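Novice: Taken in order, these protein sequences are the chains called A and B. Residues in the first sequence are numbered consecutively from 0, following numbering that gives the first Met the number 0. Residues in the second sequence are numbered consecutively from 0, following numbering that gives the first Met the number 0.
For the record, the hints were derived by calculation from the structure and aren't laboratory data. Being a predicted model, the structure only gives us computed values, none of them experimental. Hints may be right or wrong, so weigh each one.
[As the list claims (entries may be wrong)] In silico EDC-like cross-links for lysine to aspartate or glutamate, where the CA-CA straight-line distance does not exceed 16 Å:
{"#": "1", "chain 1": "A", "residue 1": "K147", "chain 2": "B", "residue 2": "E40"}
{"#": "2", "chain 1": "A", "residue 1": "K147", "chain 2": "B", "residue 2": "E11"}
{"#": "3", "chain 1": "B", "residue 1": "K181", "chain 2": "B", "residue 2": "D35"}
{"#": "4", "chain 1": "B", "residue 1": "K141", "chain 2": "B", "residue 2": "E196"}
{"#": "5", "chain 1": "B", "residue 1": "K181", "chain 2": "B", "residue 2": "E11"}
{"#": "6", "chain 1": "B", "residue 1": "K181", "chain 2": "B", "residue 2": "E40"}
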Amino acid sequence: MAEFYNNNSFLINLVGINAIMALSIYITLSCAMLSLSNAASMAIGAYTAALLTQQAGWPLWLAVVAAAAVAGLVALLLGMPILRLRGVFLAIATLGFGEVIRIIIVNTPALGGPEGFRLNAGNRSGVVTGLEIFGTLLVLAYFFARLKGSRMGLAMDAIREDENAARTMGINVTFYKVMAYVTGAVVAGIGGALYAHLRSFLSPGDFGFQRAVDILVFAVVGGTFAWRGAILGAALITLLPEITRSVPVVAGLNIKDHPEIFSGLILLLVILFLPKGLLTISLGLKLRRPAPRTLEKEASP
Amino acid sequence: MTSHVAETPAREPILTVRDLTRSFGGLVAVNNVSFDIYPGEIYGLIGPNGAGKTTVLNILSGLLTPTSGTVTFQGHRIERSPAYRIARQGVARTYQNIRLFAAMNVLQNVIVGQHSRMQGTLAERLVFSPRVRRQEEIARQKALALLESVDLAGVAEEPASALAYGNQRRLELVRALASDPKLLLLDEPAAGMNAAESQALGGHLRDLAVQGITLLVIEHDMALVMSLCDRIGVLNFGNLIAEGTPEEIAGNPLVIEAYLGAEE
Numbered sequence: 000m001a002e003f004y005n006n007n008s009f010l011i012n013l014v015g016i017n018a019i020m021a022l023s024i025y026i027t028l029s030c031a032m033l034s035l036s037n038a039a040s041m042a043i044g045a046y047t048a049a050l051l052t053q054q055a056g057w058p059l060w061l062a063v064v065a066a067a068a069v070a071g072l073v074a075l076l077l078g079m080p081i082l083r084l085r086g087v088f089l090a091i092a093t094l095g096f097g098e099v100i101r102i103i104i105v106n107t108p109a110l111g112g113p114e115g116f117r118l119n120a121g122n123r124s125g126v127v128t129g130l131e132i133f134g135t136l137l138v139l140a141y142f143f144a145r146l147k148g149s150r151m152g153l154a155m156d157a158i159r160e161d162e163n164a165a166r167t168m169g170i171n172v173t174f175y176k177v178m179a180y181v182t183g184a185v186v187a188g189i190g191g192a193l194y195a196h197l198r199s200f201l202s203p204g205d206f207g208f209q210r211a212v213d214i215l216v217f218a219v220v221g222g223t224f225a226w227r228g229a230i231l232g233a234a235l236i237t238l239l240p241e242i243t244r245s246v247p248v249v250a251g252l253n254i255k256d257h258p259e260i261f262s263g264l265i266l267l268l269v270i271l272f273l274p275k276g277l278l279t280i281s282l283g284l285k286l287r288r289p290a291p292r293t294l295e296k297e298a299s300p
Numbered sequence: 000m001t002s003h004v005a006e007t008p009a010r011e012p013i014l015t016v017r018d019l020t021r022s023f024g025g026l027v028a029v030n031n032v033s034f035d036i037y038p039g040e041i042y043g044l045i046g047p048n049g050a051g052k053t054t055v056l057n058i059l060s061g062l063l064t065p066t067s068g069t070v071t072f073q074g075h076r077i078e079r080s081p082a083y084r085i086a087r088q089g090v091a092r093t094y095q096n097i098r099l100f101a102a103m104n105v106l107q108n109v110i111v112g113q114h115s116r117m118q119g120t121l122a123e124r125l126v127f128s129p130r131v132r133r134q135e136e137i138a139r140q141k142a143l144a145l146l147e148s149v150d151l152a153g154v155a156e157e158p159a160s161a162l163a164y165g166n167q168r169r170l171e172l173v174r175a176l177a178s179d180p181k182l183l184l185l186d187e188p189a190a191g192m193n194a195a196e197s198q199a200l201g202g203h204l205r206d207l208a209v210q211g212i213t214l215l216v217i218e219h220d221m222a223l224v225m226s227l228c229d230r231i232g233v234l235n236f237g238n239l240i241a242e243g244t245p246e247e248i249a250g251n252p253l254v255i256e257a258y259l260g261a262e263e
């Protein structure tokens with residue numbers, strides 16, 4: 000067991016961090032907001048924490064808290080103007096925010112610029128242990144479990160189902176959307192801070208468009224209606240390259256070098272056949288609900 | 000002794016609408032509409048399709064802002080307030096084409112209706128605070144009692160989308176009642192109902208008025224409107240063309256013309 004962990008620790012820990020990232024997008028998706036700035040918040044968290052432990056000499060956990068706070072604060076300032084946007088327009092605006100963050104990092108020598116930022120893994124605050132990563136995941140999972148069914152959780156569900164009807168129930172839709180967006184950014188900031196200390200090397204390219212899409216895929220593949228789905232999807236997609244490693248070379252194409260072929264295929268299959276995600280299978284009949292049929296029916300005069 | 004003390008306090012309207020106008024581009028959907036609704040009253044708003052009735056309701060509930068005019072609810076101007084604030088002041092509504100939270104279960108729909116009356120923060124819930132648990136239990140019991148009153152307690156755990164059409168209408172009504180509204184806006188509550196069902200609905204609405212809830216009802220079912228409402232306002236092409244008791248409205252030539260067309 001210990002030997003298995005030692006041999007695969009990076010991958011196992013990456014599952015934990017990707018699960019945290021998936022949770023960070025789950026909360027905005029659960030309010031029907033397609034926000035793709037989680038990679039950017041992850042970058043803010045990663046670089047903030049790295050600077051604090053490496054140059055200010057802060058202990059890791061304190062740097063993680065600060066990274067989460069900075070990511071949340073940036074999201075708060077950005078969120079108020081852009082959360083008026085809906086659907087694909089919100090997605091475009093948040094992707095744009097991600098590009099802005101990436102370009103700022105590339106052009107800031109103190110952050111290593113395009114060369115990247117190397118962390119000194121030699122001292123204690125330079126590395127993160129698996130226990131710390133999975134402990135954080137556990138705390139976050141607990142938060143999401145308690146959110147479900149709470150006054151705030153129900154309000155978010157209602158916003159997802161029908162925003163205007165939610166408004167006329169006394170729900171402050173704007174407030175909850177900003178809350179969801181900021182919470183997502185805080186969680187992504189935590190994920191980024193841990194990632195920095197797992198990877199020991201940060202490059203602006205790590206937090207680009209591909210990362211933003213990967214995070215979305217984790218949540219969509221797992222299932223966006225329950226937080227467990229996000230964790231399941233992250234685990235599956237992260238481990239996928241290991242599973243496809245044994246696939247032989249086909250027609251001159253070495254498939255094991257292109258795991259995104261499989262993640263793309265899985266995403267396609269899930270969207271086509273399990274629009275609510277893989278979690279629908281694992282929980283089986285309990286979650287099967289009749290399709291909404293009468294709701295769309297117009298009242299006959 | 001002063002001799003000019005009023006014997007009975009003048010009845011203040013709970014809702015005052017003055018010169019309400021709303022246009023969409025070049026179309027004036029609601030034109031200079033004014034009316035008062037008094038506490039405990041059942042006020043009917045009728046008119047042909049496209050007369051602007053739902054637009055009035057959308058303005059009153061805060062989903063639309065008027066182009067001009069004022070709305071005063073219990074002494075507070077609300078025509079520019081966001082919908083959630085208006086709801087918290089005690090205005091609830093239902094929709095013409097039922098808008099439930101489809102994927103949530105029946106009980107949760109009614110609990111969400113109590114949103115503005117519930118307390119307790121997520122932070123307290125994270126530490127399993129007994130206060131929050133008590134609040135949640137009270138909300139659950141109240142929701143179950145409301146569902147019981149319309150015979151829906153048996154399907155409390157079903158998703159709202161699984162209910163039959165008539166039951167969805169009843170669920171939407173109790174979801175609105177869950178916020179303890181003072182003014183309830185109903186947009187065609189009897190749509191799609193047969194005569195017996197709409198009669199039962201009429202009885203239920205009268206009970207609500209007796210309990211002190213003021214009702215504003217948009218309805219096409221004339222038998223229901225005439226038997227239910229204390230006063231009726233008639234909209235045609237955005238204008239309030241008549242107002243009065245059911246008897247006055249039934250005999251008003253303008254109203255007959257609006258519904259049946261002018262006699263040659």
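Novice: Indicate, hint by hint, whether the structure satisfies it.
Specialist: Going down the list of hints, with the structure as the test:
Between K147(A) and E40(B), the direct Cα distance comes to roughly 40 Å. Violation of the 16 Å bound is thereby established for this hinted pair. Proximity of K147(A) to E11(B) is assessed by CA-CA distance (about 44 Å); at most 16 Å being required, the pair is judged violated. Taken as a hint, the K181(B) and D35(B) pair is honoured in the structure, with Cα atoms around 15 Å apart against an allowance of 16 Å. With a C-alpha separation of about 25 Å, the suggested pair K141(B) and E196(B) falls outside the 16 Å cut-off, and the hint is violated.
Between K181(B) and E11(B) the alpha-carbon distance is near 14 Å, which keeps this suggested pair within the 16 Å criterion. Pair hint K181(B) plus E40(B) holds up; C-alpha atoms about 11 Å apart against a cutoff of 16 Å.
When each numbered hint is compared with the structure, violations occur for hints 1, 2 and 4.
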